[in-house]
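What follows is the residue order along each chain.
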Amino acid sequence: MNAQPPEKDAVATPAPVRKLPTGIEGFDAIAEGGLPEGRVTLVAGSAGSAKTVFACQFLVCGIRDRDEPGVFVTFEDPADAIRRNMLSFGWDIAAYENAQRWAFVDASPRPEQMSTVVGAFDLGALLARIEHAVRRIDARRVSIDSVNALFARFREHHLLRAELHRIASHLRSLGVTTLITAERTQEYGEVSRYGVEEFVATTL
Amino acid sequence: MNDLHLLLFVYGRSPRTEATIAALRQLTRLARLDRRELEVIDVQERPEEAERWGILATPTVVRVRPLPQRRATGEIDNLAYLLDVLGLTPRHHERPTS
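Protein chains in written order, with my numbering: chain A, 265 to 468; chain B, 3 to 100.
Simulated from the structure, these hints should not be mistaken for lab results.
A portion of the hints provided could be inaccurate.
[Said to hold, decoys possible] Derived coverage of chain A by chain B (criterion: at least 3 residues anywhere in the stretch with Cβ under 8 Å from a Cβ of chain B; other residues may be distant):
1) 340–353
2) 388–395
[As the list claims (entries may be wrong)] Restraint-style ranges between C-beta atoms, simulated for each label pair:
3) A:Pro278 <-> B:Leu32: 26 to 32 Å
4) A:Glu301 <-> B:Arg18: 34 to 40 Å
5) B:Gln28 <-> A:Leu438: 36 to 42 Å
Source: prediction; values computed, not measured.
Yeah, the Cβ is synthetic: ideal placement off N, Cα and C, and Gly gets one too.
Work out the full structure: start from the sequences and follow the hints.
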């Protein structure tokens with residue numbers, strides 16, 4: 265008996281990836297419409313390239329233009345500083361928070377919360393906090409700023425990369441569109457400082 | 003005050019977390035304090051507690067009392083080291099072992 269050759273027309277054409285606008289015209293033009301919907305995208309920029317502003321604008325655009333609530337995960341600036349700094353762009357984040365359109369997961373470093381690593385760990389608590397925030401306001405967008413600040417906190421980078429994979433796949437299963445910012449050391453060098461974490465994301 | 007209050011943040015319950023809990027119970031006995039309390043918080047069930055305490059990694063132990071707070075993160079392989087990190091070795095408490 266001969267095996268039947270697979271029929272070519274049995275393979276379904278995948279639906280094209282839909283894009284969500286970030287609200288930054290230049291970026292959306294380059295990225296052919298914005299970030300891929302329902303995916304995780306790592307956006308790398310050099311120091312001082314306003315990555316935090318970009319991460320905020322992605323959420324503000326969702327709230328203002330499409331009524332899509334957003335979760336902001338910060339590993340660097342405290343939520344208070346972000347609320348204050350973004351006022352100069354006319355973005356009243358506190359008002360969005362009160363309207364249940366914006367939620368912070370404030371994972372900025374605080375001296376009194378410093379912990380000594382005594383063994384293998386995971387980022388289960390971070391995952392639970394993000395998921396809780398997403399469900400609480402029914403978020404459609406998530407910004408994570410920045411991955412470098414997270415890597416600066418722990419020496420166990422191999423472990424962090426595995427955990428970022430886990431968080432990324434969890435976010436995909438929640439159906440939210442995620443932006444992760446990273447700093448790159450050279451304008452046209454390695455994509456980000458830690459070399460590997462760009463694989464966390466399904467890319468542009 | 004010779005009392006001890008520990009919080010243990012875990013992600014779900016597994017044989018591994020049960021081992022961590024057992025190790026901490028042993029630790030609280032070793033600490034030789036009058037009042038001892040160990041509260042286990044599963045971050046999947048109580049994520050708002052992880053938010054409130056600023057916990058990223060699991061497992062994490064927080065020594066709430068005595069002050070100052072101390073924290074240790076990771077699976078416990080070496081109980082003596084954990085005692086030291088949490089400041090629970092007798093010399094930290096000026097309570098010499100008999």
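Structure-based check of all given hints:
no.	hint	in the structure
1	340–353	violated (count 0)
2	388–395	holds (count 7)
3	A:Pro278 <-> B:Leu32: 26 to 32 Å	violated (59 Å)
4	A:Glu301 <-> B:Arg18: 34 to 40 Å	holds (37 Å)
5	B:Gln28 <-> A:Leu438: 36 to 42 Å	holds (39 Å)
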